[in-house]
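Residue numbers (my numbering), protein chains in the order written: chain H, 14 to 439; chain F, 14 to 439.
Check the hints yourself; a few may be wrong.
The list cannot tell twin chains apart, which means a pair is met if one copy fits it or any two copies do.
[What the hints assert, rightly or not] With a straight-line Cα cutoff of 27 Å, these simulated DSSO-like cross-link-like pairs (lysine-lysine) come out:
# : residue 1 : residue 2
1 : Lys122    : Lys242
2 : Lys85     : Lys315
3 : Lys62     : Lys164
4 : Lys28     : Lys242
5 : Lys311    : Lys125
6 : Lys62     : Lys122
7 : Lys28     : Lys187
8 : Lys311    : Lys62
Hints are computed from structural coordinates only; laboratory data are not their basis.
Spelled out, the chains give:
Protein chains: 2
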Amino acid sequence: MDLTEQMMQLARRAKTAARQLSTLTSDEKNLCLEAMAGAIDDNRDAIRKANDLDMAAAAQSGLSGPMLDRLKLDEKRIKAMVRGLREVAALPDPVGRLLEERNRPNGLKLCKISAPIGVVVIIYESRPNVTADAASLCFKSGNATILRGGKEALHSNQAIARLMVDAARRASPKFPAGAVQVVSTPDREAIRELLSLTELVDLCMPRGGEGLIRAVTECSRVPVIKHYKGVCHVYVDSEADLEMAGEIAFNAKVQRPAVCNAMETLLIDRSVAADFLPGLARRLAASHVALRVDAAAKDLLKDPIEGLNVTDATEEDWYREYNDLILNIAIVDGLDQGIAHINEYGSGHSDCIVTRDEARAQRFLNAIDSAAVYWNASTRFTDGGEFGMGAEIGISTDKVGARGPMGLEELTTYKWHCLGTGQIRT
Amino acid sequence: MDLTEQMMQLARRAKTAARQLSTLTSDEKNLCLEAMAGAIDDNRDAIRKANDLDMAAAAQSGLSGPMLDRLKLDEKRIKAMVRGLREVAALPDPVGRLLEERNRPNGLKLCKISAPIGVVVIIYESRPNVTADAASLCFKSGNATILRGGKEALHSNQAIARLMVDAARRASPKFPAGAVQVVSTPDREAIRELLSLTELVDLCMPRGGEGLIRAVTECSRVPVIKHYKGVCHVYVDSEADLEMAGEIAFNAKVQRPAVCNAMETLLIDRSVAADFLPGLARRLAASHVALRVDAAAKDLLKDPIEGLNVTDATEEDWYREYNDLILNIAIVDGLDQGIAHINEYGSGHSDCIVTRDEARAQRFLNAIDSAAVYWNASTRFTDGGEFGMGAEIGISTDKVGARGPMGLEELTTYKWHCLGTGQIRT
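Let the hints inform the model, and build the full structure from the sequences given.
Pasting the structure below:
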């Protein structure tokens, strides 16, 4: 069987499974999820054995230390998978929610009801714990999943998926075998084949580095929901509480710099820059944050600050996601210039204004074209858990489909139930 | 300037305009729409003159009669455009609606707010009245529009768009010139260029025949919302009120067969087929509906019926959208087979069950993977007006983004306003 046929068969099985999944009750789904959790928990040794195979091959092929760390399934990560599955079971069913109801003059009742999307392809790097997380969220939302993890994690991913499917089938005869599938070939062409099947695959969600996501988006014929990167901003307004602004900026940069909702660029209104910047720079320097600044900011940082590392920002720097203890700083002339900078250089992820003035905040909230726009809070809150979604499958900066953190509800579409008593059109 | 640069410039202007549009108030937008309506109304002669140029060229190039009819802008169609613009002005603003509110334990208030999508490309055939309809709906929802109509309608489309833009600019200095633009080149490559600009174009909506829509979808790198065709079904259940079933089936096929929400295939449960089919067939024959049937239905139509035109349905027929007085009929063994047929051959548009049994209806509503699923009503109601949306820009059978009839609200996305009092993440 060639690759095209192989992917077609995989997708057809998923489509058939998706039809079946849309008829499962919440109780049936939760029973399956509990059984999956039990099976992972009971087979930790088998999972570790599969993971050992992956780890050995990866070490031999010279995978880097941080990559090996991501690949590793230790006791803690396996337990986190088990806990994750149980948490998903405990979350409310996102399918069948009544989103809107309209009663038409002719007596027709229209109900907008949340429904599964169908077949979802998840593409991710060599983090095998994502297998259980992603598959369980898709399953709870009534979707069939096709999982394509990094090739280094293939044994681990297959072991996890097989345990989940077998356990769910034992728990409910209605669980379709094609509900969770792992792409078994390492061939990269498999992704292109799969994502050309517009009649069978409904959505693709790539997770990982910008390079992976751009490659997937470029080759896909099916809808893709993703974010490329998080170039998040904090804008300190002329009307800001400067103490609050300092706390927010420091938190947004330093608390966990490696994540997508961390700040990459700080914009300061010229009128408050002299009062604000030197103090913050001292704190940032003490936390080993390197600064890339424009001329005006550089001028304000003339006086010596211990440990300060300042260089001139290049035009490219304003577009960059450092994921590191590096921060761009620019001085802007007022709110409009701040907004223009963010809409030009930002990535549509998370951006914040610090101000006491509600009207100015409102202007910022409306004008910034990003998934999450903050007034007086750290950008670090853009996260499914922090948003109260219970779990997160990713963050979207797209504007068609889900936007912002994606939990269970964001893995559904809707359909219209039109309830009549014999209405015909005249 | 080459085509690539030309399209890039068009899209950049649209992006700049979109940023500006997101800051317009409802009053400002409505003022512009009223001014547009007035300008179209006051310049009917100029529009007809532009249309005459298109009509003359089209007649000379041998365009067919029905195509010429679509291209023509007579007094009635121009007045309908004017009325349409005023109706859009009167509709509620779809931007800024509070869709959801969450108060987090840390005091952060999360508001899910509807927002414009951004830059929307509308591709359509040579119906110049679509220019005003589509542009006004996109504008009211805060989006910048790039219009690409059939090349035969270029003079008409440009005249209409120019009148709209000039009038709106006079009405409000905040109306950006790039808010409504017409692609001025007839080069088909322009579409591919435009739809490769993923950083500037947010959405493409093709409207027209299946061929056009498939070609657009195939070449687009930006999200596309569309429906290819409407292969709509009515399933007559064993528990159906057969009189009601007859009325619904007749209406769904005959009332306006050329539209996408008309029925193409009738499925009848075997247990009621003998009672139901011959009577309906007589009525359909009297209305000149040709039938394409399976063996079991053929058998039930052995007895002579005046004017009846019956042929054997081929496998391909079940996938076909006739848009004509032709109807497929199959006899199925129960609800599950009916559901399976619809999910296999249907187009995910509009499908109906006729039954008295609520549990069976519910099974159908949940299992059918279509945008609109009917219980005891004609499929002909899938329409923005009938759904109470006030206006319709299209119908979607997609599952990422809007699904079903698309009015103003369906032309928006959402974003999260996160309102804090200094919250930082710990």
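Hints versus structure:
1. Taking the shortest Cα distances, lysine 122 and lysine 242 sit within 27 Å of each other only across copies (25 Å), while inside one copy they are farther apart (43 Å).
2. In this assembly of identical chains, the alpha carbons of lysine 85 and lysine 315 never lie at most 27 Å apart, being 47 Å within a copy and 70 Å across copies at closest.
3. Taking the shortest alpha-carbon separations for lysine 62 and lysine 164, only the intra-copy value of 17 Å comes in at or below 27 Å, while the best inter-copy value is 64 Å.
4. Proximity of lysine 28 and lysine 242 under a CA criterion of 27 Å is satisfied inter-copy only: 20 Å between copies versus 31 Å inside one chain copy.
5. Taking the shortest alpha-carbon separations for lysine 311 and lysine 125, neither the intra-copy value of 55 Å nor the inter-copy value of 38 Å comes in at or below 27 Å.
6. Proximity of lysine 62 and lysine 122 under a CA criterion of 27 Å is satisfied in neither setting, with 56 Å inside one chain copy and 46 Å between copies.
7. Taking the closest pair of Cα atoms, lysine 28 and lysine 187 come within 27 Å of each other only inside a single copy of the chain (15 Å); across copies the shortest separation is 49 Å, beyond that limit.
8. Taking the shortest Cα distances, lysine 311 and lysine 62 never come within 27 Å of each other, neither inside one copy (55 Å) nor across copies (61 Å).
In the structure shown, a violation is registered for the earlier hints numbered 2, 5, 6 and 8, in ascending order.
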